[in-house]
Structure formats: C-alpha cells, structure tokens
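Whenever a hint applies, use it, and build me the whole structure from the sequences.
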Amino acid sequence: MEFKDIKAFVEHHDNFEIRVISHAGSHFYQVELEDIEGARHMLTQRGKPVLFRSLDDVYLELKRAGVHRAYLVQQVPHDEVIGRDAHYQDPLTSRMPLVF
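Using this note's numbering, the final residue of the sequence shown is 123, and nothing's skipped along the way.
If you're looking for bench data, these hints aren't it; they were derived computationally from the structure. Ideal placement from N, C-alpha and C gives every residue a C-beta, glycine not left out. Some hints could be false.
As the list claims (entries may be wrong) - Here are the simulated DSSO-like cross-link-like pairs (lysine-lysine), alpha carbons at most 30 Å apart as the crow flies:
#1 Lys86 - Lys30
#2 Lys86 - Lys27
#3 Lys71 - Lys30
#4 Lys86 - Lys71
#5 Lys71 - Lys27
What the hints assert, rightly or not - Computed beta-carbon distance windows for the label pairs:
#6 Lys30 - Arg63: 14 to 20 Å
#7 Lys71 - Asp37: 25 to 31 Å
#8 His35 - Arg76: 27 to 33 Å
Here it is as structure tokens:
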C-alpha cells in the first residue's frame, strides 16, 4: 500500500490498525496496516517496502497521512532461541500504543 493509498484509506475508514514494526537487532522500522477484514498491507513506495531509520520519521509520515494512533511492535527472536516456532505476526503480543 502506497502513502497516498493509506491517506485515502484513513479518510474513508475508521476500523483499522497501524503497526510500526521494529525488528530485533535492526534500527529500521516498517509500517503495516491491517484492515477490517484482517488483510495486512505493508507501506510501500514504488512497489518496494519502505524502511524508516527513526520513529520520528514514522511519526511525520503517518501524521501527513492523517493517522493519529499506531502500535509499536517489537519482534524479538526469543521463541527461536528456546526452540519454539517464531510467531512474529500472530499473535502480536509485544505491542506498545503510540499516539501522535
């Protein structure tokens, strides 16, 4: 989903969730939108996933798109280390609300 698509989506829908995903060991952030049907859409630019270098950059772009609330999701490889299957997307248990 492109920036312009997120802005249009936010203007016409109110039942969605924005996630800012932080990967363990990385200083980059990705943005994901989950719509009412449960479909997940990564933020893209010209068809490629967008990586942000800081949360400030994420805040700025989401504010421009009209988003005022998101969740920070930190993905850590804990399950892999102790021998369990990794559950990075379901369930999202390490969430922190972001309001801007």
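> Falls inside 27 to 33 Å, the C-beta gap from His35 to Arg76?
Replying inline: holds, 30 Å
> Given the hint that Lys86 pairs with Lys27, does the C-alpha gap stay at or below 30 Å?
Replying inline: Judged against 30 Å, a Cα distance of about 13 Å means the pair holds.
> Are the Cα positions of Lys86 and Lys71 separated by 30 Å at most?
Replying inline: Holds. Lys86 to Lys71 sits at ~21 Å (cutoff 30 Å).
>> Hinted pair, alpha-carbon criterion (30 Å max): Lys86, Lys30. Please report holds or violated.
In response: holds, 10 Å
>> With the threshold set at 30 Å, check whether the alpha-carbon distance from Lys71 to Lys30 stays at or below it.
In response: Holds, at roughly 18 Å.
> Is 14 to 20 Å a correct range for the gap between the Cβ atoms of Lys30 and Arg63?
Replying inline: Since Lys30 and Arg63 have Cβ atoms about 18 Å apart, the given range 14 to 20 Å holds.
>> Check whether the Cα positions of Lys71 and Lys27 lie no farther apart than 30 Å.
In response: holds, 14 Å
> Does the Cβ-Cβ separation between Lys71 and Asp37 fall within 25 to 31 Å?
Replying inline: holds, 29 Å
Checked against the numbered hints listed earlier, the structure breaks none of them; every hint is satisfied.
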